[in-house]
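4 protein chains.
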Amino acid sequence: MIYFNCDYNEGAHEKIMEALMRTNMEQSIGYGMDSYSEEAKRLIRKLCGKDDVDVHFLVGGTQTNLIVITSALRPHQGVLAANTAHINVHETGAIEGCGHKVLTLPSEDGKITAEQVEQAFLEHKNEPTAEHMVQPKMVYISNPTELGTIYDRDELKKLHDVCKKYHLFLFMDGARLGYGLQAKENTLDLPCIAENCDVFYIGGTKVGALFGEAVVISNDYLKEDFRYIMKQKGGMLAKGRLLGIQFAELFRDGLYFEISAHADRLAELLRTAFREKGYTFLVENTTNQIFPILPIEHAEILEKKFLFENQGKVDESHIAVRFCTSWATKEENVDQLIDAIRQL
Amino acid sequence: MIYFNCDYNEGAHEKIMEALMRTNMEQSIGYGMDSYSEEAKRLIRKLCGKDDVDVHFLVGGTQTNLIVITSALRPHQGVLAANTAHINVHETGAIEGCGHKVLTLPSEDGKITAEQVEQAFLEHKNEPTAEHMVQPKMVYISNPTELGTIYDRDELKKLHDVCKKYHLFLFMDGARLGYGLQAKENTLDLPCIAENCDVFYIGGTKVGALFGEAVVISNDYLKEDFRYIMKQKGGMLAKGRLLGIQFAELFRDGLYFEISAHADRLAELLRTAFREKGYTFLVENTTNQIFPILPIEHAEILEKKFLFENQGKVDESHIAVRFCTSWATKEENVDQLIDAIRQL
Amino acid sequence: MIYFNCDYNEGAHEKIMEALMRTNMEQSIGYGMDSYSEEAKRLIRKLCGKDDVDVHFLVGGTQTNLIVITSALRPHQGVLAANTAHINVHETGAIEGCGHKVLTLPSEDGKITAEQVEQAFLEHKNEPTAEHMVQPKMVYISNPTELGTIYDRDELKKLHDVCKKYHLFLFMDGARLGYGLQAKENTLDLPCIAENCDVFYIGGTKVGALFGEAVVISNDYLKEDFRYIMKQKGGMLAKGRLLGIQFAELFRDGLYFEISAHADRLAELLRTAFREKGYTFLVENTTNQIFPILPIEHAEILEKKFLFENQGKVDESHIAVRFCTSWATKEENVDQLIDAIRQL
Amino acid sequence: MIYFNCDYNEGAHEKIMEALMRTNMEQSIGYGMDSYSEEAKRLIRKLCGKDDVDVHFLVGGTQTNLIVITSALRPHQGVLAANTAHINVHETGAIEGCGHKVLTLPSEDGKITAEQVEQAFLEHKNEPTAEHMVQPKMVYISNPTELGTIYDRDELKKLHDVCKKYHLFLFMDGARLGYGLQAKENTLDLPCIAENCDVFYIGGTKVGALFGEAVVISNDYLKEDFRYIMKQKGGMLAKGRLLGIQFAELFRDGLYFEISAHADRLAELLRTAFREKGYTFLVENTTNQIFPILPIEHAEILEKKFLFENQGKVDESHIAVRFCTSWATKEENVDQLIDAIRQL
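Those sequence lines, one after another, are chains A, B, C and D.
The numbering of the first sequence is the numbering used here, which starts it at -14 and goes up by one.
The numbering of the second sequence is the numbering used here, which starts it at -14 and goes up by one.
The numbering of the third sequence is the numbering used here, which starts it at -14 and goes up by one.
The numbering of the fourth sequence is the numbering used here, which starts it at -14 and goes up by one.
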């Protein structure tokens, strides 16, 4: 069985494994105060083009989402997000578990617009009943989204502007950020994201690391005491250097971008193969996730040899599915899948 | 200005005020352990036809909802409710503030069905991703709903059955229960509700009391330590007898039902007046809330003399509004409003 | 049986009951936006000598403590309090239930000192382990304390200064504030409290009202969105005017102070009777609670006719007990108790 | 500088690093459902001598404590623990952050007794005020404790019995469990712990792993839906096999016990050196932490070359300090430290 079901099937990029081996018996201070973590922070600050952002390393995505969001909100405040958002659907109520409502906006492609944010904010500010409703205070987007789509520079700028106008924090979940930044149609880069978002994170778990997410905080208000909340929520790794070492490898010489491009290129090959076969897609995108709509019997043929995800029936005879490539995907496995597609 | 905007504009029924005056300087034990509270509990148990239900008195609706729900759920569990539900829209995230997600079901008339509950439950139980989603464990309904509609005996029974089948708690918010039980088309009664719901409450705040909601718990699991959670959430009234005295007055001789019928009867007069004028309604119902759809200019005429609630535009020239009657509504005020309707 | 066990055995002062009766069938807007609540706020602002304090009315003490504290703190922050503090011992973990640790300071008489606060703050600020500990951000005191003692002007000023120095909020629980302000040795007044505390409340439940606590907020940071949190925690009374009417009665003509003085005067009579009998006290104080240490057999004689509280054995043959007077205590009952004491 | 400040300065045991390298590019299912995790669970179940315990892997200690505790308690319940307990002092209020009070018991050596538990339980069960207090429902112990002491078989059995008597859960934090089990005076083993505790964990972070704690649940009630809460609290590692691989290495051939014994043996050498020099200890123990009391000037000499922890002054001229050995401690470093001690 060849796995295309997600982008975290393997361990870590070999350079990361080598770095972990090389440093293994060194002694260092705990909790992310070590020199490797310092180096990784420096590298990320530089790539963001901002000396004054704070950088913190956490282990996983749900943990990062809940820590960032709960550190930002007062008890009566909530976070606006697409109804498809990971925090709304697939984190077992982690945000509500910290006391905050996820206020959902309808979305077909995983993205939300500045107009939706404005409208939702104004509906919740409608005096005098406003205080009987949760107060929107943060906007959560992911880039790429759950559906592999990405925001362009203009869309992000508009979200930034509406957030600024209404004093909302803009938070980008970048669990797959590399795959977004290297996508064919991408117009974003780290400086642009750091400029427009109050806080975002650069995902490592799905992009070459064993585990790890690098949180970048631009907004001064959100910087204060962030480590306290990391600790309280169980997110401060004792051997914090494990995160520093990994992110230093990823960002010292562009490894992160290189392996992300690899995944996007292979995804495009698969996408082309599906398209040439005449299949349509649940959503059009250019990142490492591909969402073809297949006749059910074709899906059943493919699943004998390949692992992929079911996204649900679209009609009686068709099903939408998800294939993922990643930093670790082997070209030969992609070739095998393409052959199989052509033979359908 | 005559108020039809809600059902809690006045104080309490005169018999309640008299009872409070009469007992004012008596000395009694606090926290609801007094003899008046005992009497009120006895009366309610008898009306429910069940000796073994637990009865507790709380001050208000949001407080009651959050205490009942948080007492029932483990951290990863949530409550299914209509998207229009009070707990979803108008309690400033009180349920999320206790750590629990409100899992919403679409509803046009404020009600949800057993089929919806079953479908939502099964979607959330879909292994192996189930544990990445909030686990539904309670079903919240209100009767009457936010839109003044009521459940019939068969609908309630079906909800009960589906809850039993999947080990869900069924919770009925009865903030306006009296107005539901006395409605023309009602088929429910207290024994039937106590039989079918694991927990429900009988609203006093909107039905003749100064304040107060009587929680009735049938399910043994939900009975345990309920008073601890009342105390922790600030819901245990020091002079608990104030609640006992009020509910004893309401239920000693049927006052609760009598004053509820009064409100429903006046609502029906208003409903008829609107209907005779040719207006349609946002929702058809027979309880104390009336939701006519008015030409905007007619609404503007009425609001010069009467206070009522805006439910939102239905098209360019029409608006849905809400008028409420209550135990306290004076017949002469209803007459004035009917006159005004006829002159539109 | 004559009750001296607490200060909330009766209903409300007759002037309050009359006001509630007089206004009962008036129609008014809900949630504390009515004119009676406005009047009560004006009166309290005036008595505090500060136009810019915010005033809110809540139903009970636990509710008030949890709402004030959770509105002030971020998730990693805690509240310093005496180990005897009500929030630490007798609120079923209401503060922890909102996510915050109560950081306790040892206290013999219910009071804490500026020195203790400074020391605790510095211990928790000890870098770099500070972020592994809860961050103290608020100081909770009660006046009178659980042991009936009071702070003097100098002590309060010093607490204010240390809080200011370390950016801590100072919060005074004034559930029995009237009995403190009218105590023989008291040096505080409302302007002094409003000046030195970021937030405090004036208790009504134990001082003449049916129920109700008036929160006074001086600190601008704490004012923001306070009503949202009131609503979320179930503390926003639908018929908010009930609170406004009561506090207006208490403060329009000095009723609050007059009835407090009554209780303190009667307490002093009891205290003198115990002292003349040769008893010592668990704690020396001049407010409405009296804590004599009695031979166990004397306590057993008194409890045949009088209800009072057991504070625990002090040695094999002696027990500390608590008697409370209140606004409602009848002089004749005090006389009977004094007779009984003399006959021991 | 040679580090003796804690037991998590290095990476992981070389066998673990090799296993991670060897399996790195394998594809496997996420979230701990992989075959390595299954193997590790099997090994642990076998060592515990119980087929029916549930085993789960988490990343770190604070995370594990908060997940175990919050999964066990209802909102009004708290956990009894020594005042020195990690959850009380060094986890930034993680337990309170989940809504639960840590009810502290005084302790000199980090341990608590069955008698203390019984007394505390009974004090909190004192009707009718019980419901105004947090309800004790779990007992948290650590073995070894924060002060390196250990429970013996009889003490554990008595704790078990008192917990059973009062329906309390007994939870052992075993962050350093290996160092306890291999200590000279130890009488416990895994079957005995699994038998007496409702839930405990075997620490990997401090005992040879890069990170990881293995939770073992004996009590059926605590087993239900544990993974939901792991996910909600951000504790479910995407690449769960990383934990499985590590614990399989640790337990396949006794590595865990072997490396623990190494640390304890080196600690004993240091302890002897301090003792021969005439120093006393803050606490007597036989695990990997040593707490000598040094003249301040001696401590200052040692800290030029060695990193260790300050435990606070014991008198004007003496300070208690902590040295830790671990699985990774080199014999030559211990020799250097012993030399330095002898030269003081």
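Hints may contain errors.
It does not matter which identical chain is meant; a pair holds if it fits inside one copy or across any two.
With a Cα cut of at most 27 Å, we get these calculated BS3-like pairs of lysine-lysine [claimed, not checked]:
#  : residue 1 : residue 2
1  : Lys315    : Lys110
2  : Lys298    : Lys110
3  : Lys142    : Lys35
4  : Lys169    : Lys149
5  : Lys208    : Lys150
6  : Lys208    : Lys149
7  : Lys110    : Lys289
8  : Lys0      : Lys290
9  : Lys35     : Lys143
10 : Lys0      : Lys298
11 : Lys290    : Lys150
12 : Lys142    : Lys110
13 : Lys169    : Lys150
14 : Lys315    : Lys290
Hints were generated in silico from the structure; no laboratory data involved.
Owing to the predicted nature of the structure, the values given are computational and were not obtained by experimental measurement.
Now for the hints, and whether the structure bears them out:
no., hint, in the structure
1, Lys315 <-> Lys110, "neither (51 Å within a copy, 34 Å between copies)"
2, Lys298 <-> Lys110, "between (38 Å within a copy, 18 Å between copies)"
3, Lys142 <-> Lys35, "within (18 Å within a copy, 44 Å between copies)"
4, Lys169 <-> Lys149, "neither (29 Å within a copy, 52 Å between copies)"
5, Lys208 <-> Lys150, "both (21 Å within a copy, 22 Å between copies)"
6, Lys208 <-> Lys149, "both (17 Å within a copy, 22 Å between copies)"
7, Lys110 <-> Lys289, "between (53 Å within a copy, 25 Å between copies)"
8, Lys0 <-> Lys290, "neither (30 Å within a copy, 33 Å between copies)"
9, Lys35 <-> Lys143, "within (21 Å within a copy, 43 Å between copies)"
10, Lys0 <-> Lys298, "neither (41 Å within a copy, 46 Å between copies)"
11, Lys290 <-> Lys150, "neither (52 Å within a copy, 38 Å between copies)"
12, Lys142 <-> Lys110, "within (23 Å within a copy, 39 Å between copies)"
13, Lys169 <-> Lys150, "neither (32 Å within a copy, 50 Å between copies)"
14, Lys315 <-> Lys290, "within (15 Å within a copy, 49 Å between copies)"
Consistency with the previously given hints fails for numbers 1, 4, 8, 10, 11, 13, ordered from lowest to highest.
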